[in-house]
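Visitor: In case you want the letters, here they are:
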Amino acid sequence: MATTLLKPDQTFYPSPRLAAKAPVETLAYMVTFDPNRKKPDGLLTLDVDPKSAGFGTQVGRAEVPNVGDEFHHFGWNVCSSALCPYAAHPHLERRYLLVPGLRSSRIYIFDIKPDPKQPKLVHTIEAKEIAERAGYSRPHTIHCGPDGIYVSALGAPDGNAPGGIFVIDHDTFAVKGRWELDRGPQQLAYDFWWHLGYDTAITSEWGTPNMVEAGVNPELLLAGQYGHKLHIWDLPKRRHRQEIDLGKEQQMVLELRPAHDPSKAHGFVGVVVSLKDLSSSIWTWYLDGSTYKVEKVIEIPAEPADPNDLPPLLKGFKAVPPLVTDINLSLDDRWLYVSAWGTGEFLQFDVSDPFKPKKTGSVHLGGIVRKAAHPKSGPLNGGPQMVELSRDGNRAYLTNSLYASWDEQFYPEGIKSWATSIHARPEGGLSLDDGFFSTFEQRTHQVHLQGGDASSDSYCYS
Amino acid sequence: MINALWPWAALALLGAYHGINPGMGWLFAVARGMQEKSRRAVLSSLLPIAIGHEASIVMVVVAVSLTEAFVPPFFVRLLAALVLVTFGLYKLLRLRSHPSGFGMRVGFTGLAGWSFLMSSAHGAGLMLAPVLLGLPVYAAYHSLREISLQAVAAASLHVAAMLFVMGVVSVVVYERVGVGILRRSWFNLDLGWSLVLIASGAVTLFTAV
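Chains as they are written, first to last, in this note's numbering: chain X, 1 to 462; chain R, 1 to 209.
Calculated directly from the structure, the hints in this document are not laboratory data. Any given hint could be a false lead.
What the hints assert, rightly or not - Lysine-lysine pairs mimicking DSS-like chemistry, simulated, CA-CA at most 25 angstroms apart: (1) X:Lys39 with X:Lys128; (2) R:Lys37 with X:Lys264; (3) X:Lys359 with X:Lys264; (4) X:Lys276 with X:Lys376; (5) X:Lys293 with R:Lys37; (6) X:Lys229 with X:Lys128; (7) X:Lys21 with R:Lys37; (8) X:Lys371 with X:Lys318; (9) X:Lys416 with X:Lys38.
Said to hold, decoys possible - Each pair of labels, with its calculated beta carbon distance range: (10) X:Ser52 with R:Val168: 44 to 52 angstroms; (11) R:Gly107 with X:Tyr286: 38 to 46 angstroms; (12) X:Pro218 with R:Ser44: 53 to 61 angstroms; (13) X:Val59 with R:Leu92: 35 to 43 angstroms; (14) R:Leu66 with X:Gln118: 58 to 66 angstroms; (15) R:Leu205 with X:Asp49: 39 to 47 angstroms; (16) X:Arg61 with R:Ala160: 53 to 61 angstroms; (17) R:Phe108 with X:Glu132: 36 to 44 angstroms; (18) X:Lys51 with R:Arg184: 22 to 30 angstroms; (19) X:Lys21 with R:Phe187: 21 to 29 angstroms; (20) R:Leu92 with X:Gly247: 50 to 58 angstroms; (21) X:Arg37 with R:Arg176: 52 to 60 angstroms; (22) R:Arg176 with X:Glu295: 33 to 41 angstroms; (23) R:Arg176 with X:Thr172: 33 to 41 angstroms.
Ideal Cβ placement from N, Cα and C applies to all residues, glycine included.
Hey, can you work out the whole structure from these sequences and the hints?
Guide: Structure (structure tokens):
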């Protein structure tokens, strides 16, 4: 299935510094799903060229032959890490998108080369293959690694722990097997990424499929049963090295954004909710000698609200939690973007000093109570959730759905899906001007940009 | 005189060819230099890479010399041709294979081990087989020790040439050119490499008949 080029794929960049100078994207890929599980989920192509008459509109849609997959995150078959010296394969082409169904555990593989606007389904990895070869289920995050495609999975086929990582061969798309040789105390899984320059992988924790698929379970949440730890791993040796507990009250430790520069050993992780005061927080992890440590660097407080404006789940708290569900870091490791899905706020921080972030921008869109409008829309629901950044760092792409069963608990009226692009000023600051705003019939989730973006690639050179 | 020299010249040229291939080591040296932000890290990576390469080459060279010592020349060439063509076809069909368990933080032995595996997997030593068959066979009238000496001399000349080219390229890329050159100039040597392996197998076979 894989093809070989005579020169390196020109979307590969040795360093984040060089990648930031890549040509500006003109197409974006976005997954959508049907919350009613009646119609097939889709992989959409959006025109994101501001000079085009169709700016922000759908120009293609690939469908799958099943319903109820729940498309969520997705990723490329190969990326800039192909240039890493210890497992180089620079002549493999970035042309396949791997799209997991978070509920069905299938992984669909689309070829974008024949027509970038109309991806073509070329292969499907069935749940059975993942279960038999790796013992995992509910594939979530995909990262193209130096020596294969790494995928995190929320749990075991029976819906319980452990969740973990499995590897897919980047030539044949065969599931190679479970990644962990020694998982230590790790049981819960969610996101993962790495510091390639330090041979270190990091994983985070959400909950097992049985803890999340029917919606957030308030009893488990108040008992602090959702994930609250980070795990540090030896990447080449595939062994657990260190567990970092953020504290039981820090519930749901989700998106991991390590510094893109491989010579730096720090990164940022978002925590959805604190049981103490419903705040969300951002923590910086960093290497101190031979062990990793964490420090809370940003706290976003809950906003008081009239219980009449709140969904049943939140009425008793008389407040809207910010619910930081996604974050993203610019390729120069300077700007951190934070989505507060509950309050409907999108924030920008200058993290030049990763221990002293400075808030530099904020815009409001949607929100449980606020329902803030875009200049091109009426009041919105849902809130900024998945955030993707262009490689030059000038544009952020946002969508507003979280996860079907959780959407209903926080936005019981039903999410009306939208996607938008936001202008990020090079000197700091955000604005809704000159972006697009589009609505969609199905729920929108992750966006990836043609050729790569701030969460698709990793690098081995500074 | 020229007949006696050409195998040695070919060994050195092939060394230079291995030295210039980013996948064989110089890129690893540059990456380590960038990670540590020091030229010393670039230079100190070269020796273990060369040692691993040498070990891989010596293995093949000794095998060839020993086979020559005990097997009639016709069968040696036939065997070499078969191995070369088979390996070349295998590489064509399965271009990418990564030695597992390595990362950016390899030490001296790790780097040498990586280089040994990379060189062996690429068939770097095998490529030398047709050339080695052009070297005079001492075995008929001398000891195994002399075979080994010639083998090590052949491998060392090859690796010296590789080390020189690798050293120059890695320092120039680290100090001046930058890794951006990878995007422009990293031609797919693997593809050509497989074809060369097959071609040299065919030539070896031809000269055997």
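Visitor: Going through the numbered hints above, which ones does this structure break? Give me the numbers in ascending order.
Guide: 4, 6, 11, 15
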